[in-house]
Structure formats: C-alpha cells, structure tokens
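Asks: Take these sequences, add in the hints, and give me the full structure.
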Amino acid sequence: MAVHEYKCPCCSGALAFDSSVQKLKCPFCDTEFEVEAVKAYDEDLKNEGTDNLDWDTNAGTQWTVDEATGLRSYICQSCGGEIVGDENTAATDCPFCGNHAIIMQQFSGALKPDYVIPFKLDKEAAKQQYKQHLMGKFLLPKVFKDENHIDEIKGIYVPFWLFDSDADADIRFRATRTRAWSDSNYNYVQTSYYSVYRAGNIGFDHVPVDGSTRMADDLMESVEPFNFSEAVDFQTAYLSGYFADKYDVSAEDSIGRANERIKSSTEDAFRDTVQGYATVTPEYSSVRLHDGKTKYAFYPVWLLNTTYKDEKYTFAMNGQTGKFVGNLPTDKGKFWRFAGLFTAIAGAVIYAGMWIAQLL
Amino acid sequence: MMKRITAILFALVLIFSVALLPASAAGEASYSYRFDDNADLLTDAEEQALKETLYDVCSKCGCNIVFFTANDLNGATFTHTGTAQDYTQRYYETCCGVNTDGVVCGLILRDEDGDRQVLLYGSGKCVKRLSDSESKDIRDNAISKHNPDSKGYYEFLNSIALGVKSAVPPHLKWYMLPLALLIGFAIAMIIMSIFKKQLKSVKMERGAVNYVRQGSMNVTASRDTYLYSTVSRTARPKESSSSGSSHSSGGGSYSGGGSKF
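Taken in sequence, the protein lines are chains A and B.
The numbering of the first sequence is my numbering, which starts it at -8 and goes up by one.
The numbering of the second sequence is my numbering, which starts it at 32 and goes up by one.
Treat the hints loosely; a few may be bogus.
When the alpha-carbon atoms are kept at most 27 Å apart in a straight line, the in silico DSSO-like pairs for lysine-lysine are as follows [unchecked claim]:
1) B/Lys227 <-> A/Lys133
2) B/Lys228 <-> A/Lys133
3) A/Lys300 <-> B/Lys182
4) A/Lys303 <-> B/Lys231
5) A/Lys303 <-> B/Lys234
6) B/Lys228 <-> A/Lys303
7) A/Lys303 <-> A/Lys254
8) B/Lys91 <-> A/Lys128
Sample of chain B residues with no beta-carbon within 12 Å of chain A, all distances over it, derived [what the hints assert, rightly or not]:
9) Arg65
10) Asn102
11) Ser181
12) Lys291
The hints are simulated quantities; they were obtained by calculation from the structure and are not laboratory data.
Built from N, CA and C at the ideal position, the CB exists for glycine as well.
Replies: Structure follows, in structure tokens:
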C-alpha cells in the first residue's frame, strides 16, 4: 500500500504541519510553506513521474489470515522501511527514519473526511496543560505529581461524525406552585398542579460523535466543545506530523448517541421556557428530527499516557481549545488520614456545640 | 480548596468561641441558695446540714437554689392565684427574680385541696436542664425511698437536693459523643468527596447544548393549564424548650411539676 508524505521543496525532508504558525514546516531546514503551495508543488512532483521504489521480497513469512485482516504494512517513501499499522491507521511516523507518513488509501473514495480542524496547540502546550492539570489536587499522590513523567504524547486526528439536524418537539411537564400561610394553630401549604405544554423547533449543527473505538467515548466527549467555525476542507497535508485513524464506527452506528444528546438538549431547552413554578417534571416528550445530515471530520486531540502502580492513565487535550481532561489516581492513605482528622475536628466542634447548648 | 476548607473550619471554631463567651460570662454570675423552713419541720442542726448541701448544689449546678416549707398557701407576702404551683413559682420569683437561672423546691403541707405536696421547678437555663421527667423522678424517688413520715423531712428534702445536684449540672447523654462523631464523619466524607471530585474530569456529555444553532429555537405552542390544588395542614409548634416542657401561670417559664403524697 502507498503512503504519502509532503517533501520539502528546499531539502526534500518530510514536512510536518506546525500548529503554531498554521503552516507546513521542514524539521530539517526550518523552512515554512503554505499548505496550498505545498499541495500545488506536490501535484507538480507527481506529474514529473516518479521512480518506482517498491520491490518485492520473499523474506519473512506470510501473515496469518487473522493478522492479515487486522494489520497493514506500508513502505516508507523516505527510507524504504516497513511501517506496520492496523486497518485504521491513517497517519503515523516511520519507526526507522521518523518521517511522517500518511496512508493515502485510508482517505480514498467515501472514506475521505469532509472537514478537518487543524491543530492550533503544540506538544509543549500539552505538556504545560498537563502540569497545570496536576496543580491544586489535594488527594493526588505526591509521588505521581513529583515524578510528573509522561510515557507518551501523541497528536491524533480523531475521526468524528458530525450530525446536523432540526428537531420538532412536543413536550408536556407536570408543574407545581406552592403558597404557604398560617393562623394561630396551623401552618398551611397549598400546592397547585399544572399541566404545561410546549411545542416548537430547534436546530443543532455539528454534534460530534466519536467514530473511533480506540478512543474512549467519555474521554473524547470530555474534551468538547470543538469550534467548528475553524474547520477547513480536509487536506492530507494537515495530518503531516500527527497520527490519525480512520473511523471504525459507522455513521449509522453513531446515530443513537447523537439522538440521545439532541433529545436531551431539546428537552432542556424547552424546560427552560417553563418559568414561575416550584417544581417542573417532564411527563411526556416527543422529539422528531428532520433534515438530518452527517459529515465526517477529523478533530485534533493530544493524547498523553502515563502509568502509576501498574495502572495506565490516559489524558486528552483538545488540540484546538486546550481543554485538558483525564482522571487522576487517589492517595488512599491520605484520604483516610484526612477523613479521620476532619471527623475528629467536626465531631469535637459538634460535641462542644452540644455542651454550649447545655450551658446557655 | 484546602484554604477554603481551613477557612470554613476556622469560622466554625470562631463561631463556637464567640458563642462560648456569653456562656462563660454567665458562668461567672453569682448565684445564691436559701432554705426557708416556714413550717418549722427541721431542727436547727438539720437546717444547717441542709443549707450546707444546698450550698454544694448551688456551686455544682451554677444556679440559684431555693428550698422552702410552708404550712399552707396563706400569709404570703406576694400575690398568687391560690394554687401550690403558682405559690411556689411566685415564691422563687420573689427571692431571685423572673426567669433567672435556678431551681425551686417547695414542700407545702396543705395545698389548695388540703393535700401535702412537694413541687420542684426549673427556671431560666434550668428549664432545659431539669426536664419534667427528671423533676418527677426526683420527687418520686424522695417520696418512695425517703418518705418523711418514716424518715423525717430532713432526709426527704436532702434527697431532693441530691437529686437536683445530679440532674441539673450541664450533662450530655452517653450517646451524644458517638452521635457527634457520626455527624463529624458524614461532614468529613462530604469534604473528602469534594477533594476526590477534583481528580475526576472525564465524563460523558449530557446533551449537545454547545451545538445548538444560534437563534434556531422557536416555541410555536405554549399552554399552562391549571389542574387542581391540595392543601396540607400541620400544627404549629408551641413554644417549648428542647429538653422539657415549659409552663407558667403568670410569671416566668418553668419546667417540672408537683406531687401530692
């Protein structure tokens, strides 16, 4: 299978997309290029006719059927090394020369993403946000914070399905109002019950649903929101220097999650129009979607991995907004020490209060 | 976050410290004790011995202690409604004032019904410390175990004084400490859960509120229909202390009661 890399017009090194300047940059000669210019240059190079550097070799054994269905091997166009990826790998690094390789076949035909939000934040920003993420966490183990090591940082373009839709809604709530008064002997509370009906419509644009099983859904939803106004038409040049997977969850399989989110927000939006009641409880809702459209996009995410006590911790940073998330371990010893201390302090204060109540 | 928690705990300590000031100030107030044997039931030596006991009770309890005996409800220098209860309460107020902290015990040989009656009341902070049931227990114990008909009035009144000495000083029930620790543990768990929540930042989004198309929401129908009403009624709490009922027949508030025997 063919891999593609954008070559530097100056030194022929493999170009990488630099998120800080939003250009392709040569890591060897530091020359910067506009994406469009490199793309045009790349087209010219293709027209020149290229050498055929592929060759067959009988070395090695054949992949088994199971391996063959899950693995793909590609030839690095810089060094000729074999890059082994899986069926979803769309952009990666050559393990031999480190050059950035893009698996063009993953973007052919119907699989080509419609949009991409380019990385705006670089690896240093991810490291910085990681340090920030560890600050002010009282129960974070000191060892974890002090070692502060990261096993791996990867910039990944994650495949997302984007759902656009208009929603018609009919929603009925049961609401109550209360009125209280007293006479000399009794306190009275009058509760009045209402049936509150709302109907209308609301539109949603670009509701994202993670299209990769390799990315935890909760992790990907936690780094939201992404600002779609900064999305551009997909070009493989943006992937250079980053990893990318093609989707392995189909749009059809993602519809359920999109529906859940749209229905929930639709109900919340109409619930907010019900004012002046003490309680409002949904009784019935019907949400009907129409004019639904689906787009396929790559969103930028920095993934950081670390291990602590043989457990793997994964953090994610939105490569566009810098929002950083990731669950952290708990220092259980510290938890119970301070729980005991707070119990003693609060217990002593309460006991003292009981004594004071006796004295007063 | 740690600073906030520390500040909350500090504020709690400060509030209780401030609350303690009036209590300690109250502790410094001077209280008196007295025994008026108007019915002349005790010998001088018994009277002296009882006064020593009352002095001890007054010091231990930190309140006024008034014990008196009376033949009947006549000849009082104060006005009363003619009941033994009112007589005893006005007697205390004449000696110590209205709603001052103290305990009064009256032994009246002929009350409004011609019966012999012993009355034991708490006033001021002693309304809480001497509950109705505690007053009754002390009276019943004196009547059953130290009956004046067989053991004399000194032992009878002395047993009441000793009962007051054990009941009235500030005291907490045995389960208060475990209860305080249990509540403290619940508070500690709330604080720790706040700390623990800091470590969790990964969760599924509930909706898609960030992706609502601006200005796209349009309410086409809106109806609020009244269905029905219900009215619930609860009795208003009467003014009472937390550890004993408080009652009065015209002057201050008292706990306790009287027993005929």
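Asks: Would you mind marking each hint as holding or not holding in the structure?
Replies: Each hint tested on the structure:
A distance of roughly 15 Å separates the Cα atoms of B/Lys227 and A/Lys133; the hinted pair therefore holds under the 27 Å criterion. Only pairs whose Cα atoms come within 27 Å are accepted, and B/Lys228 paired with A/Lys133 is accepted, the gap being roughly 17 Å. Proximity of A/Lys300 to B/Lys182 is assessed by CA-CA distance (about 78 Å); at most 27 Å being required, the pair is judged violated. For a cut-off of 27 Å, the pair hint linking A/Lys303 to B/Lys231 stands: about 15 Å separates their Cα positions.
Straight-line distance between C-alpha atoms of A/Lys303 and B/Lys234 comes to about 18 Å, which keeps the hinted pair within the 27 Å bound. For the suggested pair B/Lys228 and A/Lys303, the alpha carbons sit about 19 Å apart, so the restraint of at most 27 Å is met. With a C-alpha separation of about 34 Å, the suggested pair A/Lys303 and A/Lys254 falls outside the 27 Å cut-off, and the hint is violated. Restraint check: the Cα-Cα separation between B/Lys91 and A/Lys128 comes to about 51 Å, which exceeds 27 Å; the hinted pair is violated.
Every C-beta of chain A lies more than 12 Å from that of B/Arg65, the closest at about 24 Å, which supports listing it as non-interface. Listed as a non-interface residue, B/Asn102 keeps its Cβ farther than 12 Å from every Cβ of chain A; the least gap is roughly 37 Å. Distance check on B/Ser181: its Cβ is at least 37 Å (rounded) from any Cβ of chain A, clearing the 12 Å threshold; non-interface status holds. Against the 12 Å criterion, B/Lys291 stays outside the reach of chain A, whose nearest CB is about 31 Å from its own CB.
In summary, the structure is inconsistent with hints 3, 7 and 8 from the numbered list given earlier, while agreeing with the others.
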